[in-house]
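**Q** Sequence:
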Amino acid sequence: MLTLKSVDSQAKIFSQLPVHSYIDPNIFEIEKKAIFDKYPKYLGHRLMAPEHGNYQVLDALNQAAVLVNNHGKMNVLSNICRHRQALMLENKGSASHIVCPLHRWTYGLDGKLEGAPYFKENPCLNLESFPVEEIYNLIFKQTQKQTSKNIKDAMEFKELNQLLNFESYKLHSIKIDHYNFNWKTFIEVYLEDYHVWAFHPGLNNIVNCDDLTWEFKSFSSIQKVPFRNKNHAQSSPIYDIWKSKIYEQNGHNSPAFGAIWLTIYPFFMIEWYPNVIVVSHLIPDNTDQCRNIIEFYYPEETILFDQDYITAQQAAYNETALEDKIICEKMHEGRRLLFKNKQEDMGPYHEPLEDGLKHFHQWYQSEMSAYL
1 MLTLKSVDSQ AKIFSQLPVH SYIDPNIFEI EKKAIFDKYP KYLGHRLMAP
51 EHGNYQVLDA LNQAAVLVNN HGKMNVLSNI CRHRQALMLE NKGSASHIVC
101 PLHRWTYGLD GKLEGAPYFK ENPCLNLESF PVEEIYNLIF KQTQKQTSKN
151 IKDAMEFKEL NQLLNFESYK LHSIKIDHYN FNWKTFIEVY LEDYHVWAFH
201 PGLNNIVNCD DLTWEFKSFS SIQKVPFRNK NHAQSSPIYD IWKSKIYEQN
251 GHNSPAFGAI WLTIYPFFMI EWYPNVIVVS HLIPDNTDQC RNIIEFYYPE
301 ETILFDQDYI TAQQAAYNET ALEDKIICEK MHEGRRLLFK NKQEDMGPYH
351 EPLEDGLKHF HQWYQSEMSA YL
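Take 1 as the starting number for the sequence shown in the numbering used here and just add one per residue.
Source of the hints: derived by calculation from the structure; they are not laboratory data.
On a predicted model such as this, the values are computed, not experimentally measured, just so you know.
Fair warning: there could be bad hints in the mix.
Distance windows between CB atoms, simulated [unchecked claim]:
1) 250 <-> 198: 36 to 46 Å
2) 285 <-> 244: 15 to 25 Å
3) 142 <-> 103: 26 to 36 Å
Straight-line alpha carbon distances no greater than 27 Å define the calculated DSSO-like cross-link-like pairs of lysine-lysine that follow [said to hold, decoys possible]:
4) 41 <-> 230
5) 175 <-> 92
6) 152 <-> 38
7) 152 <-> 33
8) 73 <-> 224
9) 73 <-> 38
10) 175 <-> 224
11) 92 <-> 170
12) 224 <-> 92
13) 325 <-> 340
14) 158 <-> 170
15) 217 <-> 230
16) 141 <-> 120
17) 32 <-> 73
18) 217 <-> 38
19) 175 <-> 325
20) 41 <-> 152
21) 342 <-> 330
22) 33 <-> 158
23) 32 <-> 358
24) 170 <-> 152
25) 217 <-> 358
26) 152 <-> 73
27) 120 <-> 92
28) 243 <-> 41
29) 152 <-> 141
30) 112 <-> 141
31) 32 <-> 330
32) 158 <-> 141
33) 120 <-> 170
34) 358 <-> 342
35) 358 <-> 41
36) 170 <-> 41
37) 217 <-> 32
38) 41 <-> 120
39) 33 <-> 73
40) 175 <-> 342
All residues carry an ideal CB built from backbone N, CA and C; glycine is no exception.
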């Protein structure tokens, strides 16, 4: 067990973060300035509103904004009426105008107020329009401190050249998972494969982490693992069903890969598996609470004709997500107890299975160093 005096020197050796980084509310307030406000925020994908008039209310902005397709231009507009501040649209749909249900104030798809019943003159109170950048059809809310070029560069790995266009894919569904632990703990578990063999018997029968490869950029990384052809000694019934569906969709041949996981720090992730793409965005709510917004995309043919594949894949995904939740909860509770007892501890990194974890820690420390 480390003493408090030795933790700083050990952190430099291991790049590990002291336990108060996960527990102390003051650190969370610093992160807002040093990290959260600095990086563009993922809002959604063009496939959420692919045609003129389509809209999707954005959970990433707590439903206070809506993504609208206006003749091909993707606008992100306030979803709160300028008259009496009522929430207007819900979920997703298609409309020629945005109409407040309370007093019928009517806005164009560009956010301009077009009608205010019984007002002699147009009050000219347009909806707020948020500045966004569209990169590979992914919509990011701009910040003044980080340019779109950074995000584009962070995605441009050779492995992803043919994968980022989502060609022939459609959005199927969106779900939100709520967690009671620090956001960094989620990212850490996402960025290490050391636990897969021990805690994910189902996933471990789909991917082979013995042949894991990494690629890194300044604030992003990708993990690639091949498909496991020979069944592992341990698996799970849920993953066995999905594996059989994978073989069925691929003509009983092995797919090109088992999984590719892209992480763009601090919060954005894309996962590629056979015949499915999962986009997720982590939102920290406070020191020990966060939520993950998860979007499932499948080939249009799968959505139309193979619901069994979607059911099997999402069941497998949810099994692994639940297992990861348990891991994160145990890590957070251990750190909370160390913090409560005024103790510190940190261990070494496994190479290569925890290379991504080390890279994330180094990035985090570089971002926070000027504020601590």
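**Q** Of the hints stated earlier, which fail here?
**A** 1, 2, 4, 8, 12, 15, 16, 17, 22, 27, 28, 33, 38, 39 and 40
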